[in-house]
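Peer 1: Each chain, letter by letter, is given below.
4 protein chains.
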Amino acid sequence: MHENNFRVNPHSLKTAISRVEKDKIVTRGYNQRDLIEKIRYSDMVFLILKGRLPSAKEGRMFNQVLVSFCDHGVTPPSTQTARLVASSGSPINSAVAGALLSFGHKHAGAIEKTMELFQSKINSLYLTEDSELDNKQIAGLAIDIFNEYTYGNKKIPGFGHRYHDVDPRAEKLMELAIKQGFIGPHIKLALAVEDLIHEKKGIRLNVDGANAAILSDLGFTPDLGLGVFIIGRVPGIIAHIHEEKMDEDEFRKFCDLDDIEYYGR
Amino acid sequence: MHENNFRVNPHSLKTAISRVEKDKIVTRGYNQRDLIEKIRYSDMVFLILKGRLPSAKEGRMFNQVLVSFCDHGVTPPSTQTARLVASSGSPINSAVAGALLSFGHKHAGAIEKTMELFQSKINSLYLTEDSELDNKQIAGLAIDIFNEYTYGNKKIPGFGHRYHDVDPRAEKLMELAIKQGFIGPHIKLALAVEDLIHEKKGIRLNVDGANAAILSDLGFTPDLGLGVFIIGRVPGIIAHIHEEKMDEDEFRKFCDLDDIEYYGR
Amino acid sequence: MHENNFRVNPHSLKTAISRVEKDKIVTRGYNQRDLIEKIRYSDMVFLILKGRLPSAKEGRMFNQVLVSFCDHGVTPPSTQTARLVASSGSPINSAVAGALLSFGHKHAGAIEKTMELFQSKINSLYLTEDSELDNKQIAGLAIDIFNEYTYGNKKIPGFGHRYHDVDPRAEKLMELAIKQGFIGPHIKLALAVEDLIHEKKGIRLNVDGANAAILSDLGFTPDLGLGVFIIGRVPGIIAHIHEEKMDEDEFRKFCDLDDIEYYGR
Amino acid sequence: MHENNFRVNPHSLKTAISRVEKDKIVTRGYNQRDLIEKIRYSDMVFLILKGRLPSAKEGRMFNQVLVSFCDHGVTPPSTQTARLVASSGSPINSAVAGALLSFGHKHAGAIEKTMELFQSKINSLYLTEDSELDNKQIAGLAIDIFNEYTYGNKKIPGFGHRYHDVDPRAEKLMELAIKQGFIGPHIKLALAVEDLIHEKKGIRLNVDGANAAILSDLGFTPDLGLGVFIIGRVPGIIAHIHEEKMDEDEFRKFCDLDDIEYYGR
Chain A
23 MHENNFRVNP HSLKTAISRV EKDKIVTRGY NQRDLIEKIR YSDMVFLILK
73 GRLPSAKEGR MFNQVLVSFC DHGVTPPSTQ TARLVASSGS PINSAVAGAL
123 LSFGHKHAGA IEKTMELFQS KINSLYLTED SELDNKQIAG LAIDIFNEYT
173 YGNKKIPGFG HRYHDVDPRA EKLMELAIKQ GFIGPHIKLA LAVEDLIHEK
223 KGIRLNVDGA NAAILSDLGF TPDLGLGVFI IGRVPGIIAH IHEEKMDEDE
273 FRKFCDLDDI EYYGR
Chain B
23 MHENNFRVNP HSLKTAISRV EKDKIVTRGY NQRDLIEKIR YSDMVFLILK
73 GRLPSAKEGR MFNQVLVSFC DHGVTPPSTQ TARLVASSGS PINSAVAGAL
123 LSFGHKHAGA IEKTMELFQS KINSLYLTED SELDNKQIAG LAIDIFNEYT
173 YGNKKIPGFG HRYHDVDPRA EKLMELAIKQ GFIGPHIKLA LAVEDLIHEK
223 KGIRLNVDGA NAAILSDLGF TPDLGLGVFI IGRVPGIIAH IHEEKMDEDE
273 FRKFCDLDDI EYYGR
Chain C
23 MHENNFRVNP HSLKTAISRV EKDKIVTRGY NQRDLIEKIR YSDMVFLILK
73 GRLPSAKEGR MFNQVLVSFC DHGVTPPSTQ TARLVASSGS PINSAVAGAL
123 LSFGHKHAGA IEKTMELFQS KINSLYLTED SELDNKQIAG LAIDIFNEYT
173 YGNKKIPGFG HRYHDVDPRA EKLMELAIKQ GFIGPHIKLA LAVEDLIHEK
223 KGIRLNVDGA NAAILSDLGF TPDLGLGVFI IGRVPGIIAH IHEEKMDEDE
273 FRKFCDLDDI EYYGR
Chain D
23 MHENNFRVNP HSLKTAISRV EKDKIVTRGY NQRDLIEKIR YSDMVFLILK
73 GRLPSAKEGR MFNQVLVSFC DHGVTPPSTQ TARLVASSGS PINSAVAGAL
123 LSFGHKHAGA IEKTMELFQS KINSLYLTED SELDNKQIAG LAIDIFNEYT
173 YGNKKIPGFG HRYHDVDPRA EKLMELAIKQ GFIGPHIKLA LAVEDLIHEK
223 KGIRLNVDGA NAAILSDLGF TPDLGLGVFI IGRVPGIIAH IHEEKMDEDE
273 FRKFCDLDDI EYYGR
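Residue numbers (this note's numbering), protein chains in the order written: chain A, 23 to 287; chain B, 23 to 287; chain C, 23 to 287; chain D, 23 to 287.
The set of hints was computed from the structure by calculation and includes no laboratory data. There is no bait here: all hints are sound.
Since copy identity is lost for identical chains, a pair holds within one copy or between any two.
Once the Cα atoms are required to be at most 25 Å apart in a straight line, the calculated PhoX-like pairs of lysine-lysine come out as: (1) Lys79 with Lys60; (2) Lys36 with Lys46; (3) Lys222 with Lys46; (4) Lys72 with Lys135; (5) Lys176 with Lys128; (6) Lys177 with Lys46; (7) Lys158 with Lys223; (8) Lys275 with Lys135; (9) Lys44 with Lys275; (10) Lys176 with Lys143; (11) Lys222 with Lys44; (12) Lys177 with Lys44.
Let the hints inform the model, and build the full structure from the sequences given.
Peer 2: Listed below in structure tokens is the structure:
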């Protein structure tokens, strides 16, 4: 009887995220009433993405990841895009959308690439329960990565920053991971690569590299790396849009005619 | 000497949000190293938007606001848009951007309109320190609003939901506001309007209405209402995009030719 | 029997634009095979938007409208947004989307506002068949508009350009409208207002104003003004994105840290 | 003296597309006054993308390409996205942007992939002036492609359509290319592959495949394929957005709660 109905839209209405009934919403198995009352927003983000609540240690680290992404002033192309769109008089959601479109592979793609690198290397190991042995293996991986990229004349993703020598977010995150005893194999690998690349080239881990390692140890696959970054950065973007709309003239001129170099016919 | 330089881009590089120096990032006056170590992500959101940290009571309530926005299954147009864009093979940031574009005045605009309504009414009062007197005034406002919209044959924004009779998020948020002693004039007004409209028409406060009242009592102006909603909803949208990419065939057919009604020439 | 089917999606699959059958596509009543073989692309645009083919005179004028929108170098915020998004390594469709989001009410909204102004004024007239009488009425309208905006201390939409004294596109379009005998009441009104505002304030019609008048005389309502502008401008935006991707370094730095003024705490 | 100025923004204001001076705009070496008066819109698109005007034969073919992309009813995800965004009450430019974001590699990416395939194969040939010899070489290439994809169990891009057996646009475009004497090596290759794949598997060239061949013979590189498709499709998308806004209720329900299958906890 419903044959036609199911042919029309066979899959489009399937989800495991939230069950919505009249007067009741259940997300990842928890009543939203309970979630609203009892959990931190960062735990809610973890829950909705991973399908389970974090442990206390995981929750603390994930919260720190989100905070570390919040803002980098007006230097990123995404923030500049947000402000340009806002200056044209477009609504706030359009300006956020514009900013997200600037998260191309050169701007925000680094975190996924770094997660892929770390995870593919760690997945290639046979990890024992013996931490000394494993540390040795991971040190070996770090040398492999360093050599592979150096001989290929490529940048290792997750290292180096165009404005910072020591990315303060990366340094603090690694310090906290150690202090809080949250060090899995991916963080170990990140630190081992940093030791090498710092010694040889004076380059340090950046915020993407640090978070790639932490998210990997939290069990996130690379395909969610950009998603977590977006969640962390959107508040900063909205703050910039609001500032643009409050403090600047609409449709302000970003250049004068004689600032443009024309090199065509 | 720098005349040309300043003429080019006189304002584009001004901000009060973050100061970025080599190896140091300061946001709203706080070193990001400290923020990463010490504050909850929901407090970071508050800080970056409002320029100050919340009190403990404010922080708890704001956290609950963010959690309450997280997800409403696949029913909202924004979620459906996110999944459509993702199904075409576009990257995750494009799919989130698409979802945000669906936050038009009919979908996500309600929170700002409700904040405007509540704040314009409350701003018209001369609030005393005498809570009995003020409650009386607010009860009067509620009657004004009810009459104004009923006689104008218009829907009061922030009330009624197309899937719920009792929006469980709104009910829980109001319960928590009362329990936690976080009741300012806007929440009082929301509850007073709800009493009236529920008695006369069986309609209740929805999640937008409840959050409009809370955000107003937290000191947010209407122009940030949609921004807070976006921050709260983005994690849910990303979960749906990820689910679409993992569990569904790419470029799945959403309709067959004979499901379409053509009414042109 | 199909009750459920129709309840699901009662309207979503209705259209009068194209009928798609297996191996056959009919648009606005014409077989696409014929359209591909026989009509100019600008006529196709007219047909799909208005539901009928233009007359020869209309088609010529509409073609000129589209050409006039094509590009204004790197000065518009939309073009700058397109280049910023492209510089981040995002794909071309994302960069075009970003550009479109910069068509806020300050950048590209002028054409709709001008169409609304011209059409609301002309619709208030009782046009006779006597052109002398009508010209007199239209001259009166122009004075009304000028006075209304001057006394209200507002800019008349469609007049003045931040880079040009005489917008060459507007001047050429009006010259062609006259030469080709395509002058309806909206073009007459635009020219009458220009005479006044030029005499009194030295301000001339701009490209939005000229096209608002022409599109109004072509029978377009204001809600399609921005749509026609988008169609005209997208080729230019794509040329800029391509140029950015070919000629510039990806993720080039748009500012240095000491170019930013921080005025927060 | 201007050192600082150039450091700030060393490249951002360079373009070869249009030179904008006060009261004068020159695009690709032509005064826009002349372009507006004299050329077809499709020629303007060619000019701005390629930097030169097309020959008469090229111009005719390119016009046909653009017309052929205009609309495919409500079946494509991009059109459905456009309507969803529009239904939420968002402005027209946001709805077009949403549609463009649905041009992922599965929906609109085929044209670029097909151009890459055809061009990489043709570039590997040493084309003589002897058309019989060249035809033989191209026939050989077609067999290579067919075998490569068949043995790899992959779909050849540019062939097959989920709604059509014979894509009427592809068939008409190939017929016109032949009739108008516009047959370069890429079109020959497309036809040769079609002969094989039709004979062996009953599959025909689709609109993307036909246009990939034509655009390749027009001298477009693959990185502009999606751009040309966008230019051609935007008018259809705008027609759908307009229809949605005119003919449908805002924020119409696209599903009921019991149409959704929840398969989570």
